[in-house]
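Q: The primary structure of each chain is shown beneath.
Protein chains: 2
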Amino acid sequence: MNDRLIRALKGQPVDRPPVWFMRQAGRYLPEYREVRSRVSFLELCRSPELALEVTLQPLDRFRLDAAIVFSDILPVLEAIGREISFEPGMGPRIHEPLRDRAGLATLVRPDVAVALPHVPATLKMFREARPDTPILGFAGSPFTLLCYLVEGQGSKDFKLTKRLLWEDPEAADQVLGLLADVVGDYLQSQIDAGAAAVQMFDTWAGVLSPPDWERWAGRYAARALARVKGAPRLYFTRDSSPFLSRLHQTGADAFGLDWRVDLAPAREILGQDTPIQGNLDPIALFAPPEEIKRRVHAICDAAGPTGHVFNLGHGVIPSTPIAGVEAMIEAVHERV
Amino acid sequence: MNDRLIRALKGQPVDRPPVWFMRQAGRYLPEYREVRSRVSFLELCRSPELALEVTLQPLDRFRLDAAIVFSDILPVLEAIGREISFEPGMGPRIHEPLRDRAGLATLVRPDVAVALPHVPATLKMFREARPDTPILGFAGSPFTLLCYLVEGQGSKDFKLTKRLLWEDPEAADQVLGLLADVVGDYLQSQIDAGAAAVQMFDTWAGVLSPPDWERWAGRYAARALARVKGAPRLYFTRDSSPFLSRLHQTGADAFGLDWRVDLAPAREILGQDTPIQGNLDPIALFAPPEEIKRRVHAICDAAGPTGHVFNLGHGVIPSTPIAGVEAMIEAVHERV
Chain A
1 MNDRLIRALK GQPVDRPPVW FMRQAGRYLP EYREVRSRVS FLELCRSPEL ALEVTLQPLD
61 RFRLDAAIVF SDILPVLEAI GREISFEPGM GPRIHEPLRD RAGLATLVRP DVAVALPHVP
121 ATLKMFREAR PDTPILGFAG SPFTLLCYLV EGQGSKDFKL TKRLLWEDPE AADQVLGLLA
181 DVVGDYLQSQ IDAGAAAVQM FDTWAGVLSP PDWERWAGRY AARALARVKG APRLYFTRDS
241 SPFLSRLHQT GADAFGLDWR VDLAPAREIL GQDTPIQGNL DPIALFAPPE EIKRRVHAIC
301 DAAGPTGHVF NLGHGVIPST PIAGVEAMIE AVHERV
Chain B
1 MNDRLIRALK GQPVDRPPVW FMRQAGRYLP EYREVRSRVS FLELCRSPEL ALEVTLQPLD
61 RFRLDAAIVF SDILPVLEAI GREISFEPGM GPRIHEPLRD RAGLATLVRP DVAVALPHVP
121 ATLKMFREAR PDTPILGFAG SPFTLLCYLV EGQGSKDFKL TKRLLWEDPE AADQVLGLLA
181 DVVGDYLQSQ IDAGAAAVQM FDTWAGVLSP PDWERWAGRY AARALARVKG APRLYFTRDS
241 SPFLSRLHQT GADAFGLDWR VDLAPAREIL GQDTPIQGNL DPIALFAPPE EIKRRVHAIC
301 DAAGPTGHVF NLGHGVIPST PIAGVEAMIE AVHERV
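These protein sequence lines are chains A and B, in that order. Per the working numbering, the first sequence starts with residue 1, numbered consecutively. Per the working numbering, the second sequence starts with residue 1, numbered consecutively.
Honestly, I wouldn't trust all of these hints.
Same chains, same names: a pair is fine if it fits in one copy or spans any two.
Listed below are the simulated DSS-like cross-link pairs for lysine-lysine, each with C-alpha atoms no more than 30 Å apart in a straight line [what the hints assert, rightly or not]: (1) Lys-293 x Lys-156; (2) Lys-124 x Lys-10; (3) Lys-124 x Lys-159; (4) Lys-293 x Lys-159; (5) Lys-124 x Lys-229; (6) Lys-229 x Lys-10; (7) Lys-293 x Lys-10; (8) Lys-156 x Lys-10; (9) Lys-124 x Lys-293; (10) Lys-229 x Lys-156; (11) Lys-10 x Lys-159.
Hints were generated in silico from the structure; no laboratory data involved.
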């Protein structure tokens, strides 16, 4: 198997940094849009065959060192008793948002193997289909899932979530504890099904002040990750800079850093032995190819030759030109 | 005159930190909404009498140490030749967005005294009305104004702005140079009209990687601020953490920091003699009063007794409860 990803995530020497990127199986690919013209997003998430098909698409097109299983972060909320829907043009909507202590009684503690079967099934099929390529599993963080559960959708200010934290910390702790246990078991089930590494996405952690991040995001990320063994565990938040000196509180093995982070000083703060992942601005893929290559090389130079997984600093956006993606990947291949 | 603000912005001893807050004249106040039920936002910005009325409203209600003149950051775009409109429920819209080099010919270099008369007029009236209270002037930063000019409105990813920077840096430099000169002269005109300090709002700088911030945000903030003399000049961006070690490149005298910044380490990075402003999470004003007070005291403790202006870490949001604002201000007054 291509072992660049795992070697980099363990801080072992590699011939060049491994490269994969967030949302590499997604709407910027015409072949993905073709599948989506036939099935809804939720149907795609619930069909291991179709999820496998779109997981493989970027591997067939680009020289990538890893796949990431196609899924979404919200199935965990379904597993604890919420219905989710996606309306076209809108983000997800969580029916019956949880706003207070009364909502606690409506949550269920699921058997993860029963409630979240699709992603492990996709992973097993991937291992058969591509024995030579490692694949990442993933889940949303407990805090980010709490945000969706409380707001019922995305938010500009996450006012309702923060009010719950501050007005009824005990209730918030109960929900976050449940979410952490389910997220942890879900990530473990993905490793057991063949994931070579797992990534926790803490998309919304950046709305918190550093002490709030410690209390509500870091603490429950750590509780979830403590349940996960047998493969490297990555933690990603799209606002890394405010929390750099605290990231080790999650207990993660490696950290995905957003594009506003200077990698050289970040490595000093995290410790030179801590593997990192990132961090090209996803919008840089719209720049001319020479500019993309210059930026990729600058990032690799700043990160140094070991303990670095090349990635974007956030997910690729739907209108991204394929040529930009190709220039990025080519530049990483030039690092041998 | 109440000199706490100016003393704090000069690093001189004060009996307690001065307090004002971003958007203190705004929609969270019923008396502001009453005025807005009669006139549009643009009418309000263009009438020095009405702008004075709403500028005074928070001073009449709370024990604040400074006013900030009521206005918006977009008049500068009108001055260089763009029409702006506000549709209810939407943000601002800039007619004829500038997308490429061809747009350069449509921009004009204004006489600031002629093109931007309303804010200086309001400031002069304020100085008459409240000789004992200092007032801040403000402007958007060149980069943030460029974002609005290019996108034509707010944006999730500022893709069009970044494409202009990377595909035609010369054209971007020309627009930013013009904006910097106009912003600088506009801030100077506000000091000449009686502003005790001025603040540059670089709202969108946080979409840039640190090297891009240097090249496109910091450089032109510095060019604008170099034209401004005679009063302390503050620089604020709503994402401060990624740029802390570079903020002095703006040449500003003091820095407004968002709520994701730990003040004690930030002061080490900026230098203990650099005055700072901030940084309570605006959503914390929804918390119970004791929790608000605890957070205000923690911020003041971390900032230390000199060179700190108490403020929110971003503007107050419209649905904020007045009681939360009162608890915050009371806590600052407890610092004597």
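Q: Under a CA distance limit of 30 Å, which applies to Lys-229 and Lys-156: within one copy, between copies, both, or neither?
A: neither (35 Å within a copy, 37 Å between copies)
Q: Checking an output row: Lys-124 and Lys-10, CA cutoff 30 Å. Within, between, both or neither?
A: within (24 Å within a copy, 64 Å between copies)
Q: Cα distance capped at 30 Å. Does Lys-124 pair with Lys-293 within a copy, between copies, both, or neither?
A: neither (35 Å within a copy, 53 Å between copies)
Q: At most 30 Å between CA atoms: does that hold for Lys-229 and Lys-10 within a copy, between copies, both, or neither?
A: So Lys-229 and Lys-10 pass the 30 Å test inside one copy only (14 Å; across, 54 Å).
Q: I want to check one pair: Lys-293 and Lys-156. Are their C-alpha atoms no more than 30 Å apart within a copy, between two copies, both, or neither?
A: Answer is between; shortest inter-copy Cα gap is 25 Å, intra-copy 34 Å.
Q: Measure nothing new, just compare the shortest in-copy and cross-copy C-alpha distances for Lys-124 and Lys-159 to 30 Å and report within, between, both or neither.
A: neither (40 Å within a copy, 38 Å between copies)
Q: Have a look at Lys-10 and Lys-159 and pick one of within, between, both or neither, based on CA distance no larger than 30 Å.
A: Neither: 39 Å inside a chain and 35 Å across chains, both beyond 30 Å.
Q: Checking Lys-124 and Lys-229: alpha-carbon separation at most 30 Å within a copy, between copies, both or neither?
A: For Lys-124 and Lys-229, the Cα distance is within 30 Å only inside one copy (18 Å; across copies 67 Å).
Q: My question is about Lys-156 and Lys-10: at a cut-off of 30 Å on alpha-carbon distance, are they close within one copy, between copies, both, or neither?
A: For Lys-156 and Lys-10, the Cα distance exceeds 30 Å both inside one copy (37 Å) and across copies (35 Å).
Q: Given a CA cutoff of 30 Å, do Lys-293 and Lys-159 count as a within-copy pair, a between-copy pair, both, or neither?
A: The answer is between: 18 Å across copies meets 30 Å, while 40 Å in one copy does not.
Q: How would you classify Lys-293 and Lys-10 at a CA-CA limit of 30 Å: within, between, both, or neither?
A: within (26 Å within a copy, 45 Å between copies)
Going through the hint list in order, the structure does not satisfy hints 3, 8, 9, 10, 11.
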